[in-house]
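Residue numbers (this note's numbering), protein chains in the order written: chain A, 20 to 244; chain H, 64 to 169.
Since the hints were derived computationally from the structure, they do not count as laboratory data. Every residue, glycine too, gets a C-beta built ideally from N, C-alpha and C. There's no promise every hint is true.
To be verified - List time: in silico DSBU-like cross-link candidates among lysine-lysine, alpha-carbon distance up to 30 Å:
1) H:Lys152 with A:Lys43
2) H:Lys160 with A:Lys229
3) A:Lys229 with H:Lys152
4) A:Lys196 with H:Lys160
5) A:Lys229 with A:Lys43
What the hints assert, rightly or not - Anything over 12 Å on all C-beta distances counts as not near chain A; from chain H, calculated:
6) Met94
7) Lys160
8) Gly163
What the hints assert, rightly or not - Computed from the model, here is a short list of chain H residues facing chain A with C-beta under 10 Å:
9) Gly75
10) Leu80
11) Phe96
12) Leu98
13) Ile113
14) Val114
15) Arg118
16) Trp119
17) Ala122
18) Val126
19) Ile133
20) Leu147
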Amino acid sequence: MTGLMIGSAAISVIATIACIVQRKAIHALLYLVVSLLGLAVAMFALGAAFAAAMEAIVYAGAIMVLFIFVVMMLGPESRIPGPSAWFGSSILAAFLLGLLLVALISSPPILVSAHLNAQPASIADLNLNGSGMPHNQSAPQEQVASETGSISNKNQIPPAGDLSDGTDSVGIAVPPKEVGVALFGPFVLCTEIAAFLLIAGFVGAFHLGKDRKKRNEAQIQGSSQ
Amino acid sequence: MIQPTLLDIGLGFAGILFIIGLVGVIARRSMIFMLIGTEIMLNAAGFAFIVGGSRWADAGGQVMFIFLVITAATEVAVGLAIVLLLSTKIQDLDADKLAGEERSWK
Chain A
20 MTGLMIGSAA ISVIATIACI VQRKAIHALL YLVVSLLGLA VAMFALGAAF AAAMEAIVYA
80 GAIMVLFIFV VMMLGPESRI PGPSAWFGSS ILAAFLLGLL LVALISSPPI LVSAHLNAQP
140 ASIADLNLNG SGMPHNQSAP QEQVASETGS ISNKNQIPPA GDLSDGTDSV GIAVPPKEVG
200 VALFGPFVLC TEIAAFLLIA GFVGAFHLGK DRKKRNEAQI QGSSQ
Chain H
64 MIQPTLLDIG LGFAGILFII GLVGVIARRS MIFMLIGTEI MLNAAGFAFI VGGSRWADAG
124 GQVMFIFLVI TAATEVAVGL AIVLLLSTKI QDLDADKLAG EERSWK
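Let the sequences and hints guide you as you build the complete structure.
What follows is the structure in structure tokens.
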């Protein structure tokens with residue numbers, strides 16, 4: 020899994036370099052999508068499955084589609100890009116897919132981490148149990164609620180993440196359940212501020228994007244009548 | 064010889080990505096490419112958060128990454144609205160021309 024992380028991050032760096040030296044914006048965006056997907060695979064290998072899904076869905080999905088939408092609207096590149104546009108980025112994406120397949124075949128339990136190594140859990144266990152860890156069930160409920168469950172984690176986890184000890188340990192997996200508990204536990208104020216920020220961004224984009232000329236004409240017509 | 068830990072490798076990749084994004088913002092003149100460079104830099108910072116959260120088994124890294132994605136989405140929405148406004152008003156996305164500075168070098 021360490022190899023998966025390093026390889027996908029290297030592919031991401033290559034795609035990013037290829038992204039910023041492109042002449043046309045649409046080619047750069049295609050490389051940037053590959054870069055974001057590579058970084059998502061690296062995050063997955065590090066054990067941050069929820070962040071990897073966010074990266075793939077929100078970044079490579081929504082934000083990049085917004086970019087491509089605007090670039091195609093801007094005129095000179097509004098043609099459908101031909102095969103020369105996406106050839107290089109698809110080669111990089113194929114490398115990324117191969118890396119992911121090799122990692123999947125060579126080590127089936129994907130979410131292997133330092134504290135799951137003691138009792139290997141299958142992916143089905145993780146899906147059913149959310150965290151897949153016994154210590155969350157044994158921990159008192161109020162501790163999980165108040166301290167996000169991750170603090171009780173730290174007692175059991177050795178300072179792993181070293182490559183020097185010879186084990187194939189990558190980063191320590193933080194399951195999505197803990198992220199959700201932290202997001203709506205101690206970070207709930209930040210979550211609400213993020214909601215404010217999203218609304219402010221929405222209003223700002225709406226204000227900037229509305230058709231002022233048409234509106235002014237309509238106002239002039241309305242006042243003249 | 065000291066073996067690099069996973070923290071070193073991850074933070075090294077995050078730093079490389081951040082530098083690439085910074086070079087993209089500084090070197091390119093098109094507003095779209097400057098926005099892309101900003102995205103790369105935000106993404107690198109998020110990856111550093113993920114590496115740290117993975118090293119210390121803390122959910123805070125992923126929580127900060129979520130906030131960073133929200134910030135990036137807002138920034139892209141407003142930035143692309145500004146780009147659309149510029150392209151309809153003055154038909155040019157060159158940041159230097161927008162600042163009123165002619166390039167002395169070509």
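Hint check results:
At roughly 22 Å between alpha-carbon atoms, Lys152 (chain H) and Lys43 (chain A) fall within 30 Å of each other, so this suggested pair holds. The hinted pair formed by Lys160 (chain H) and Lys229 (chain A) meets the criterion: a straight-line CA distance of about 24 Å does not exceed 30 Å. With a C-alpha separation of about 13 Å, the suggested pair Lys229 (chain A) and Lys152 (chain H) falls inside the 30 Å cut-off, and the hint holds. A C-alpha spacing of about 49 Å is found between Lys196 (chain A) and Lys160 (chain H), which places the hinted pair above 30 Å, so the restraint is violated.
With a C-alpha separation of about 27 Å, the suggested pair Lys229 (chain A) and Lys43 (chain A) falls inside the 30 Å cut-off, and the hint holds. The beta carbon of Met94 (chain H) sits about 10 Å from the closest Cβ of chain A, which is not more than 12 Å, so the claim that it is off the interface is violated. Its beta-carbon lying about 16 Å from the closest one in chain A, Lys160 (chain H) satisfies the requirement of being farther than 12 Å from that chain. Every Cβ of chain A is farther than 12 Å from the Cβ of Gly163 (chain H); the closest lies at roughly 21 Å, confirming the non-interface assignment.
The criterion of a C-beta within 10 Å of any C-beta in chain A is met by Gly75 (chain H), whose closest approach is roughly 9 Å, and the hint holds. Interface hint at Leu80 (chain H): satisfied, since its Cβ lies 6 Å from the closest Cβ of chain A, which is below the 10 Å cut-off. Interface restraint check for Phe96 (chain H): the shortest CB-CB distance to chain A comes to about 7 Å, inside 10 Å, so the restraint holds. A hinted interface residue such as Leu98 (chain H) counts as satisfied when its beta carbon comes closer than 10 Å to some beta carbon of chain A; here the least separation is about 8 Å, so the hint holds.
The beta carbon of Ile113 (chain H) comes within 5 Å of a beta carbon in chain A, closer than 10 Å, and the hint placing it at the interface holds. The restraint placing Val114 (chain H) at the interface with chain A holds, with a minimum CB-CB distance near 6 Å, inside the 10 Å limit. A least Cβ separation of about 5 Å between Arg118 (chain H) and chain A falls short of the 10 Å threshold, and the interface hint therefore holds. For Trp119 (chain H), the interface hint holds, the least distance from its beta-carbon to any beta-carbon of chain A being 8 Å, beneath 10 Å.
Given the 10 Å rule on beta carbons, the hint for Ala122 (chain H) holds: about 4 Å separates it from the nearest Cβ of chain A. Using the Cβ-Cβ criterion of 10 Å, the hint placing Val126 (chain H) at the interface with chain A is satisfied: the shortest such distance is roughly 5 Å. Because the beta carbon of Ile133 (chain H) sits about 5 Å from the nearest beta carbon in chain A, less than 10 Å, this interface hint is met. Look at Leu147 (chain H): its Cβ gets to within about 6 Å of chain A, closer than 10 Å, so that hint holds up.
Checked against the numbered hints listed earlier, the structure breaks hints 4, 6; every other hint is satisfied.
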